[in-house]
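Use these hints to put chain U onto chain W, whose structure you have.
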Amino acid sequence: MNRRTTLSALMGRKITTTKSAASTKLTSFSLAPYTGEWTSERAAHLLRRTMFGPKTEEIALATELGLSGTIDLLFEEKPMPEPPLNYSFTMDPLVPVGETWVGKIYTADEGNLRTVIRANRERSLVAWQMRLLIESEMSIREKMTLFWHNHFVVQKSTVRDPNYLYDYITLLRSNATGNFKQLVKDITVDPAMLFYLNGRQNNRRNPNENYARELLELFTIGKGDLAGPGDYTTFTEDDVIEIARVLTGWRVFDYLTVNPDAPRGPVFVSNLHDLEQKQLSHRFDNVVIENADEEEYNVLIDLIFQKPEVAKFISRKLYRWFIYSEITEEVEQTIIDPMAQLLIENDFETEPVIKTLLSSQHFFEATLIGPMIKNPLDFVAGMFRQFDIKIEGNLNQNYRSFLRLDQTMEVHQMTYLEPPNVAGWKAYYQAPAFYQSWISSATLVPRMQLTDLMATTGYRFSGQNIIIDVLAFAAKVENGTDPNVLIDEFTKILFPQPISQAQKKALKENLIPGLPDFEWTVEYGDYLADPENNDLRTGAENRLRALVKAMLVMPEYYLS
Amino acid sequence: MKRRNFLKSATALSAPVFLNGLQVAAMSNSSLLPIINSAPNDRVLVIIQLNGGNDGLNMLVPIDQYDKLMGVRENIMIPENQLLSLTDTLSLHPAMTGVKNLYENGNLSILQSVGYPNQNRSHFRSTDIWTSASDADEFITTGWLGRHFDPQHPTFPTDYPNEDHPDPIAITIGSLISETCQGVGTNFSLAIRDVESLAPLSEGAESDLPDNYYGQQLGFLRNAIAQTNAYGDTIIKASEKGNNLSSLYPEAGANGLADQLKIVANLISGGLKTKVYIVSMAGFDTHAEQVLDNDPTQGIHASLLAELSTAMNAFQDDLKQLGVAEKVVGMTFSEFGRRIQSNGSSGTDHGSAAPLMVFGNCVNPTIFGDNPVIPDEVGVQDGVQFQYDFRSVYGSLLVDWFEASEADVRSYLFADFQYLPIIQGCEQTTSTNDLPIIKGGDLQITNFPNPFIQQTTIQFDSNDEWIKLSVFDAKGGLIKVLANQRFAKGSHQITFQDSRLPTGNYYYHLQTDRRQQTGLMIKL
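As they're listed, the protein sequences go chains W and U. Following the numbering used here, the numbering of the first sequence begins with 1 at its first residue and continues without gaps. Following the numbering used here, the numbering of the second sequence begins with 561 at its first residue and continues without gaps.
So here's chain W without its partners, still in its complex pose (with noise of 0.2 Å):
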């Protein structure tokens, strides 16, 4: 067991409220396939943790396809999604509306007409990946997009390029479930990334270390304990140095480019390039790096995906993107080590490690079902997707909504491309909180505030009003009717675990206050008969509201 864990375990317990001496009730330590009943519960938990927001019709598709035919369905190859357009605006030259602005450069500078026309192509961008979530299909693609983002972190506000933006985030999309070691490579010489992390500024003259150190700490092999000065058990500060000095010479053209002739992505400038052998310490080998020009970073990936510690790194962080935060001295040995060697024997392929994780015994242990605090893109899209919330209208206003709903996110502390830091968000690293890190004061209400008004009024917003369709919601339950019935339907869809009786009971309370329950089913029951009578349909649809708003605001769905 590592130091930190050992640590973690003895003082990093958060409720005060529990004692929890036994509390993890895990007991099965193993990768081997599940093999235990498959009910929607399991489905919809599988389904929960791979997409944002499992609709009624998906889980009932997972429940019936088992567990290796969704598995088999989520990791289908999907055509990667058409690129963003302009969506409104008419002054920019090279793009008319409706047409794409990927790969299209500026024209010469009039006024700041430039800036402006950045401005535009970063709002479409933004949009459309918002967009990409919440209309995404039944795959694993987006969640992993987004694990890799907060992996190979940049910030738009840094990198200020769109079509660099878009280049990047395509090429996490591309790989979701690919190769690591060659998405490593691909980032060391990805253009946002030479922007984000000075890259473009390093050269044999004035080495920048700022890649080089991140490379190593958080992208691939991690920092280990402090075993001497300047050494970090996993690499030193001389590496820092001498790596710095092997990714020296690569380049980017200038991002508000009016040069049609501009090279659109990474430019290795060999006059820039250090050429001098680069030497690496006792935690590689003490290896000499000899000159290779634009394939020298390849070779030194190569060099630092030979230390085992990388593939338990990149384990972990999967671990906790699907799982759970804390990693026990028997989760490392039954579950990370494995990982790290099925990783190792199919040279760094994802796929057939996370395949294997998802089927694991150990994912469908009762205490790790529903423990994870979703992420507020999870939290947001998810109740989008989930209960269908429609955002349609023409181009213009189909962007601008995704756009205004890109623009809350900054409120709830997740903003697709825009991380805090280059360690990516606090609650895939932050020990002891977490997944914690995302409910504070300043989050909750927020978060409350916005399932209110989805459930109740909605928000006009171009031209549209964004709501919840209660009644859509409801049709999907066979036997709605009753009121039991309907309750705990939702609740499968919408928690993680089951609720209690009590709860249950407050929860009818919301939709049939102080009434039997059969009076449900006669009121729903002929607004179903006459759907088209705007008072039974008023009546039906305000007693859901009432419910869906009760049950949104309940701690247990904020968790997965």
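No lab work stands behind these hints, which were simulated from the structure alone. Each hint can be trusted.
Once the Cα atoms are required to be at most 20 Å apart in a straight line, the calculated EDC-like pairs of lysine to aspartate or glutamate come out as:
(1) W:K549 / W:D469
(2) W:K476 / W:E541
(3) W:K223 / U:D695
(4) W:K223 / U:E698
(5) W:K223 / U:D697
(6) W:K504 / U:D768
(7) U:K1040 / W:D231
(8) U:K1040 / W:D225
(9) W:K505 / U:D768
(10) U:K833 / U:E963
(11) W:K185 / W:D302
(12) W:K492 / U:D768
(13) W:K508 / U:D768
Computed footprint of chain W on chain U, listed as stretches where at least three residues anywhere in the stretch have a Cβ under 8 Å from a Cβ of chain W:
(14) 674–685
(15) 696–706
(16) 737–747
(17) 785–791
(18) 897–906
(19) 1028–1040
Just the calculated beta-carbon pair ranges, DEER-fashion:
(20) U:H725 / W:E330: 33 to 41 Å
(21) U:D853 / W:D452: 48 to 56 Å
(22) W:S270 / U:T1063: 27 to 35 Å
(23) W:E295 / U:T1063: 31 to 39 Å
(24) W:D254 / U:H725: 55 to 63 Å
(25) W:E392 / U:Q858: 41 to 49 Å
(26) W:R204 / U:E849: 14 to 22 Å
(27) W:S157 / U:A975: 39 to 47 Å
(28) W:V258 / U:D853: 19 to 27 Å
(29) U:A975 / W:L303: 40 to 48 Å
We treat Cβ as the ideally placed atom computed from N, Cα and C, and that holds for glycine.
Below, chain U alone, put in the same frame as chain W:
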């Protein structure tokens, strides 16, 4: 013995306690305690976290080292005639007129070269070290203030708020709670974005919590909701009662830090008894374009320092006008300083120690420590050698401001604690000309030969006291502790020899429980 157990026994004992051979309980609090008009229960500590690693050498410029700095960071140096002079040998960045004003009013204390042994240059790890106050090779998940609060509030958050403690223990302005306030069981800080957004939340129907991970997290959420509601009321009331009077705050939205501090001043003046507020600003990770190529007085770093300085000055002005200035002390910190050498991108990379500011009516308005010594030959990785361990700053504030005992501070914070008279009285000083500069240099320490090839001898005077003598390399790494013991009165010599060491710059660091000094030693 575990820290916690030790803490309990240490506080229970009235007999002297020995730590590192040093008798610590001999000194009672009262002998140290400065004259402060506010009652201890009313005192507030405001922490300003500067995320990213602030370039101390361009913030507080040692003028006596200016030429040497020009040799290694010319592309980012501020022209000497543009700097704001504080003393004969120290000047501030020209963007910091507000801080200069604080200094001239006797409201500012600056500690030079604050850091720790074995400087870690990862943002995340070094931030953890600063917030947990651990050794560099020690992993502690509790925060330094969390450990201070733990014994006072052992059951928190159960049954909080209550009659004795109606107000939040600590508040973070922003959306994330602060790691400094992480206790053994829970975090003592409440995060608020602004007072307006504290609407009551629905608490939902209860159920039994299953005894597993799911139950733990569900319990956490329920607690967070209940507490937000409970504290929301008191915060809103304090805010309605409180005020802001300073005209020095920039307009809302123009200075993020000032906006945060304005909320703090408002809540303090409204009578909220919260002990600690944490505010923060980001962006100090200036690897590139720290200064503008055509004007080094402008650029990212200048904007950051202007924001910081303006906000601090406006806040202090507000506190005075609100009549609560004697209750409040502020402190800045950043996870590290930056390299002595600049890089070719008009920026600086991760370094070691840097200055730290403490401000308020009751601070000792002076500059602690010697100017950093810039070697003739600066290695690419060289940082500023630390003089003061940051935990001595924390500990001194806990002792003088929050009346923690020195023994407790040694047990839950820092065994090698050095008391620093950062808090003085709250009397207004009239002229900064009379201010004593607290130098390390009264320790009569030298080494010879220097430069050295094989070995060098360090000679120092002891006043019959515990002395720790260590040698560091220029990256902040601890090479060797040469002595950690009591020395009889008189002059002593210790020889340092390590033939495997590469040539370059090294530092000795001598510390007693009241004084410290560092010096440059060059190995040829």
